[in-house]
Amino acid sequence: MIGSPQDHVDSVMLDELKEVMEDDFGILIDTFLSDSEIRLVDVKTAYDELNSKKLRESAHSLKGSCSNVGAAKLADICKHVEELGRVNKAEDAGQLIKDILSEFEVVRVILKEQV
Amino acid sequence: MLVFDAGQDPLKVLIADDNDSDRMILQAFVKKQGHIPINARDGQEAVELFESERPDIVLLDALMPVMDGFEAARVIKGLAGENMIPIIFLTSLQDADSLARCLDVGGDDFLSKPYNRVILQAKITAFNRMRLLHSTVQAQRDQIVLHNEQLMHEQEVAKKVFDNIAHPGCLQASNINYLVSPMAVFNGDVLLAARKPSGGMLVFLGDFTGHGLPAAIGAMPTSEIFYGMALKGFSMQDILKEINNKLKKILPVGVFCCGCMVDISFRKEIAEVWNGGLPDCFMYRAEDRDSEPMPSFHLPLGVLGGISFSAETHLYEMKHGDRIFLWSDGIHEEMDENEVMFGNERLMEVFEENQDPALVFDELQQAVRDFTGSTLQGDDHSIVEIQSVPEDGLIENVSGYAADYKSGPKDWQFTFRLGASSLKSFNPLPLMIHILMEVPGLRAHSGKIYTILSELFNNALEHGVMGLSSELKSSSAGFAEYYQKRQDFLQTLDDCFVEFELDHKPLECGGILKMVVRDSGKGFEYNNKTNVKKAALNKSETYCGRGIPLVKTLCRSVQHSEGGRAVEVVFEWRIEG
Amino acid sequence: MAIWSSQSQDGKELTIKIQGRFDFSAHQEFRDAYEETSEPPEQYVVDMKDTTYLDSSALGMLLLLRDHAGGDTANINIVNCNPDVKKILTISNFEQLFGIN
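Chains as they are written, first to last, in the numbering used here: chain H, 1 to 115; chain R, 116 to 692; chain B, 693 to 793.
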């Protein structure tokens, strides 16, 4: 783990979600994690195929849900990938995708701790 | 009526997002605010749920599988029709083009990711307020449309009722020219014309204050009284009093009727005029093309009640060929492009420049057209021209009464004697005509009977009881003097009478009506054998002006007796048609 | 069109001034001018110095004022009429109901 949890997930946002979701907070986290795993596969596949359009769309979608659970850093990396897709440079996304995968693991641990 | 209440009733909020966790979050936000979330995973599902659930507000993710948010928004707006369904786009798109596209397809606002609960709830509240305002406006608009339709319908019905009551009477007569809007009743103008049983003509032009139904309402009783009383032979003073009292009673303060009534006797070639509140009307004489104003001497009708009302009329000589012009103030108030009014002076110029009286009606309209630069629509004003003509030239319009010859009094007789105080203020003719018209089939002869009775009654009263000489009436000045004397005499009457003795016997197809009129006067020299027509032509003292030649033409016999204090006429009639 | 009203210090006289065209649009304002007095005045003055025109609904409004002021016992003077305004009042013979000069 690099740095404190606060660098990866916005704790204020998480607290608010806990308050609003009440008993469903655990389900939300589980849903987010399983959903994101599918989207991660989409992102990786798009890169493997060097499909810029698909890369842009899948990164955009992942970015949205990450931001909603407070995973700001992960959302930020997704945004860069989305941008590469937009300018048709899927081939340049290799390092960023590795970053996404490792950041996702960090987020997963932090979120799991919250439940 | 809708109660304007934002944030009380729970709203149905449709949430369309393909991302499960995002949708869960929105759903929780919406629930927390007390509203009911409806979930859709894509645009297609959103459209289907919109149709089945009819949500109040729609939250749409822009990018979704199957059908994206743009397409879904377009379809939903189409389905919503004129109802306001706010659509808030959920998006993390940032570029201006994408955001503009959201609005193009019918989106009302955006909510960006990450979702902020406070902002979303504020937006829902704000849009709900707008939605309620919209439906309030919509409901009011619908109400206005409905009211307007109702009003139009009511006006149509009112117009039909009005047309039945305020029928044109004898406005189609050849001696009348008029210009009046077909919907004049709703700008408060009323034009009525009736032949009198005596053969004369009564015309009334009225202009009620205001517009629309309130102005039309007063026109109804006015017409009803006018036609009802004119038919029975009431004098114009009686008719005016009755109309005034009725209007005073039914109209609110501040609503009244400016009007002018004219009673033309074609035979006597005089016009009796009452003007209350209309601009100067004109008598236009054919002989010297002189126009004499007939100004308003009275308050409008419906302002003062009871005895304060003055039905005093003015008499004008009106030879055959002379014309009377009546108008509401609309023609004076026609404006040119600089909002200068046409006015009375320009109106008088038309008369001054006229060469042929038959054209003046058209010239008046032309003058206004030239002045305003537009066509005289007849929407805001009424003009009527009445020409004096020989009575024979006018087609009798006393007809069309559904006659029932079977029931009613056929054999009867009565005596009706009026003393001094009755003679001062009471006109017995309408009452007697009313009774006579009960005789089955006699109504068709009401004009002749009225003429006979009225001639005999006037002779008995004016020459018999009052002893006035009809010589006076042969000059214009004497004419006025005569009527002034008659008026003065009437007030001093004492210990006198006029008596009617009426006797009716039925015949196979008609009847015989014997009428005796007796008075308390001095009587006069008569000779039943004199050729009455010749005597009249010679202006012999005994018969002159007594209307006897006319009566003679209408009756089987005319006999004077009792020293000239009684006259007996026999009127034989047959059922017509 | 504008309407002003002022009540004399002793409250006995109410003056109503009408500027411009006096027609139906003045309806409410004219009514307010005489209905919103602190105490009922004994006499009324309608000042038409700046009145350019009046129509029949204005005549109706004057009758409403007369009714408000006691009908037949009302004491109302219409003053400073220009010739056009005077003419309209004369045609309707309003001098029988109001003091006009």
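None of these hints come from the bench; they were simulated from the model. Quantities reported herein were computed from a predicted structural model and do not represent experimental measurements. Fair warning: there could be bad hints in the mix.
As the list claims (entries may be wrong) - Only pairs whose alpha carbons sit at most 27 Å apart, straight line, appear in this in silico BS3-like list of lysine-lysine:
hint	chain 1	residue 1	chain 2	residue 2
1	H	Lys73	R	Lys127
2	H	Lys89	H	Lys112
3	R	Lys620	R	Lys539
4	H	Lys18	R	Lys127
Said to hold, decoys possible - Here are the computed distance ranges between Cβ atoms for each label pair:
hint	chain 1	residue 1	chain 2	residue 2	range
5	H	Ile27	R	Ser250	31 to 41 Å
6	R	Glu452	B	Arg723	16 to 26 Å
7	R	Asp451	B	Asp724	46 to 56 Å
8	R	Gln470	B	Arg723	43 to 53 Å
9	R	Asp257	B	Arg723	31 to 41 Å
10	R	Pro543	B	Ser730	51 to 61 Å
11	R	Ile550	B	Arg713	53 to 63 Å
12	R	Ile259	B	Arg713	44 to 54 Å
Claimed, not checked - Covered stretches of chain R, going by a simulated chain B footprint (3 or more residues, C-beta under 8 Å):
hint	region
13	214-220
14	315-326
15	357-370
16	380-394
Glycine is no exception: its CB is placed at the ideal position from the N, C-alpha and C atoms.
Output the indices of the hints that this structure fails to meet, ascending. Violated: hints 1, 2, 3, 6, 7, 12, 13.
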